[in-house]
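If you want the building blocks of each chain, they are given just below.
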Amino acid sequence: MNLERKVEILSESAKYDVSCSSSGSKRKNTKGGLGNGAYAGICHSWSEDGRCISLLKILYTNYCIYDCVYCVNRHSNDIPRAAFTPEELAELTINFYRRNYIEGLFLSSGIIKNPDYTMEQLIKAMRLLRENKGFNGYIHVKAIPGADSRLISLAGQYADRMSVNIELPTGKSLSMLAPQKNKSSIIGSMGLISTRIKEVREERKTFKKALPFVPAGQSTQLIVGATPDDDLHVLNLTQGLYGRFGLKRVYYSAYVPVNTQSSLLPAIASPPMVRENRLYQADWLLRFYGFKAEEILDEKHPNLDLNLDPKSDWALRNLHLFPVEVNKADYEMLLRVPGIGVISARKILAARRVKALTFDGLSRIGVVLKRARHFITCQGKYYGERGLNEELIRLSITNTKRTFSQASNQLTIFTEEFLGC
Amino acid sequence: MIVYIYDGTFSGLLTAVYEAFYQKEKPGQILKEWDYSQNLFSQPIYIYSDNDKADKVFNAIKERISFTALKNVYYAFLSETDNGDTLIYNYLKLGLKMGKYVDGNYSHETVSRLHEICKKVAREKHRMLGLIRFRLIRGDVYYASMEPDHNVIALIAPHFARRMSDQNWIIHDIKRKTAIVYNQTEWVMTELEVTQALPIDEEEYLYQKVWKTYFDKIAIRERKNPRLQKSFMPSRYWKHLIEI
Ligand code: SF4
Chain B
1 MNLERKVEIL
11 SESAKYDVSC
21 SSSGSKRKNT
31 KGGLGNGAYA
41 GICHSWSEDG
51 RCISLLKILY
61 TNYCIYDCVY
71 CVNRHSNDIP
81 RAAFTPEELA
91 ELTINFYRRN
101 YIEGLFLSSG
111 IIKNPDYTME
121 QLIKAMRLLR
131 ENKGFNGYIH
141 VKAIPGADSR
151 LISLAGQYAD
161 RMSVNIELPT
171 GKSLSMLAPQ
181 KNKSSIIGSM
191 GLISTRIKEV
201 REERKTFKKA
211 LPFVPAGQST
221 QLIVGATPDD
231 DLHVLNLTQG
241 LYGRFGLKRV
251 YYSAYVPVNT
261 QSSLLPAIAS
271 PPMVRENRLY
281 QADWLLRFYG
291 FKAEEILDEK
301 HPNLDLNLDP
311 KSDWALRNLH
321 LFPVEVNKAD
331 YEMLLRVPGI
341 GVISARKILA
351 ARRVKALTFD
361 GLSRIGVVLK
371 RARHFITCQG
381 KYYGERGLNE
391 ELIRLSITNT
401 KRTFSQASNQ
411 LTIFTEEFLG
421 C
Chain H
1001 MIVYIYDGTF
1011 SGLLTAVYEA
1021 FYQKEKPGQI
1031 LKEWDYSQNL
1041 FSQPIYIYSD
1051 NDKADKVFNA
1061 IKERISFTAL
1071 KNVYYAFLSE
1081 TDNGDTLIYN
1091 YLKLGLKMGK
1101 YVDGNYSHET
1111 VSRLHEICKK
1121 VAREKHRMLG
1131 LIRFRLIRGD
1141 VYYASMEPDH
1151 NVIALIAPHF
1161 ARRMSDQNWI
1171 IHDIKRKTAI
1181 VYNQTEWVMT
1191 ELEVTQALPI
1201 DEEEYLYQKV
1211 WKTYFDKIAI
1221 RERKNPRLQK
1231 SFMPSRYWKH
1241 LIEI
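Residue numbers (the working numbering), protein chains in the order written: chain B, 1 to 421; chain H, 1001 to 1244.
Next comes chain B alone, as it looks inside the complex (with noise of 0.2 Å):
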């Protein structure tokens, strides 16, 4: 089989992968050698569906043993399969990387004969790729679940960034849908990466050259729609994946019906994208706006607005805090205001140290008027028209005739500032 052939084939099997970010690796081009990580990561193109394409996405095989019900990839579906050889995916990445298409390599794998096998096999791919080729480029490799601790361990120095998928969110849908797979072994293989890049991370403050562990980080990513957990269930899961294991990302990814078979998937037309975005804003403020998962949601609200962002849907149920002086309110607050971020909330305190801020200044700093005029004064003066009632704003910023565009709209300025990838 040629090249061609098996690049159409395993990445088309690979694209439902939602991870696509380059960041968080400082790596250093060596000596003679090829590539270097950039920090904030580099997108080089953007695919029909809009995600960034930053690193080569593929599996190594699509041959899989296993069969879980959701992926394409399963043992029982009549596709296409091919495999690659290290060298073969070595050659690829170095030729793409020297034209500049992608940041590094994205790899993932089809179990075949057996996890440990598979596992094996990239590390040889990556081994060639650092050892022999002297690449210095970005490197995600997926721990096989239930491959060997070792094997694992041994991934990790190869890697920049690793991830052990949770695939959904309770253990009973996983045992469900995939029932070759465990949610003990994976959180297992978690905690082991987890408490690796600690050691190696603490290993290198005293000895340099120790080699680094997954620089990175790990991160997961969890289906959503295919079962019928809730949104509050998926962001305590992720509250408690960030604080136990210090996880750099939780990826959720919209179903999409692949296998229309099955009377254990909802049958839906399209995944559930806009759920998807609120899930990705909530996250959001846990890591960055210092929400707890339990302000966002409880059991009274155990799923998102769609019609609106977790922020203001927040700032709603608690209008008592509100309206806050732009020219007073400390960092955590502002934050807390639908309509400004974490970049306009420290302009905010850097001008207003030059001189108080008017209604008009906020604007130039990128506030996002529209929202935040409503739970604010600048300068004592309150600028929403509809004073501070709680349907009338959430009539103003919904606006529910446009939801599904408005929904599309955000979802354009959310991934370019939030998932930056």
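What the hints contain is simulated information worked out from the structure, not anything from laboratory work. As the structure is a prediction and not an experimental result, all values here were calculated from the model. Just so you know, not all the hints are guaranteed correct.
Said to hold, decoys possible - Only pairs whose alpha carbons sit at most 25 Å apart, straight line, appear in this in silico DSS-like list of lysine-lysine:
1. B:K355 / H:K1119
2. B:K26 / H:K1119
3. H:K1100 / B:K328
4. B:K198 / B:K26
5. H:K1093 / H:K1071
6. H:K1100 / B:K355
7. B:K248 / B:K183
8. B:K28 / H:K1125
9. H:K1125 / B:K26
10. B:K355 / H:K1062
As the list claims (entries may be wrong) - Negatives, chain B to chain H, calculated, CB over 12 Å:
11. S175
12. D229
13. E332
14. T377
15. R394
We put the beta carbon where it would ideally sit given N, CA and C, even for glycine.
Chain H with the ligand: place on chain B using the hints.
Just chain H with the ligand now, with coordinates in the frame of chain B:
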């Protein structure tokens, strides 16, 4: 209105700023010579580049304002925006009054406009890091062409010199007829115009084809969103890409 006209180089601009501070006749506008067209209402004064004067301004910005301000001025200069040079002059006037606090004055119109322009340049610089495509030509040289809105070529050179340190490459700004040439040791900026087809290496076609296939296959049809794609990757850049 008094208009200062300079040769279009960075040191020419800094010289013009120097003169503007020391001459009695303050400019209402500072323009590159090719942007100036004579009219009844303007009184042009030609400023000759002077490296000593330029150095003085350069150091004054760094020491009396800040390094960030210097970078802002350079980015704004590279932006080639209409009236950008006059804006730089106004920004520096304010900067010398306010010192390092000038960039915190976000709500000031001059400052916010200048920041906006710098942001555009920084953004395009970042985009070009990802969007240029090297083609292997015979003689083992990788060649990339581009036509950025702003003059960012010098800003992206160090990145590729670090990254592609073991290959020979050329990055060519077709619009401005300039190029960066790198020989595995150092890079230089030079004038360049290519008038005939480049001698493409055989192997190049294979990887271009595979890359196109990859690009095509990696998109999820169920999530198709060409508007989103275009907003990240404006079509004016497509001409120099391979995949699209
Ligand atoms: S293990 Fe499951 S999810 Fe992974 S490739 Fe095989 S079938 Fe698909």
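Cross-check of the supplied hints:
1. B:K355 / H:K1119: holds (23 Å)
2. B:K26 / H:K1119: Answer holds: K26 of chain B to K1119 of chain H is near 23 Å, not above 25 Å.
3. H:K1100 / B:K328: holds (23 Å)
4. B:K198 / B:K26: Within the cut-off at roughly 17 Å; holds.
5. H:K1093 / H:K1071: Holds, at about 16 Å.
6. H:K1100 / B:K355: holds (15 Å)
7. B:K248 / B:K183: holds (20 Å)
8. B:K28 / H:K1125: Holds: K28 of chain B and K1125 of chain H sit about 21 Å apart, inside 25 Å.
9. H:K1125 / B:K26: Between K1125 of chain H and K26 of chain B the Cα gap is close to 19 Å, so the pair holds against 25 Å.
10. B:K355 / H:K1062: Roughly 24 Å between the alpha carbons, so the hint for K355 of chain B and K1062 of chain H holds.
11. S175: Check passes; 26 Å lies beyond 12 Å.
12. D229: holds (21 Å)
13. E332: holds (20 Å)
14. T377: Non-interface label on T377 of chain B holds, nearest chain H Cβ at 16 Å vs cutoff 12 Å.
15. R394: The claim stands: R394 of chain B keeps its Cβ more than 12 Å from every Cβ of chain H (closest is about 27 Å).
In this structure, every one of the numbered hints holds.
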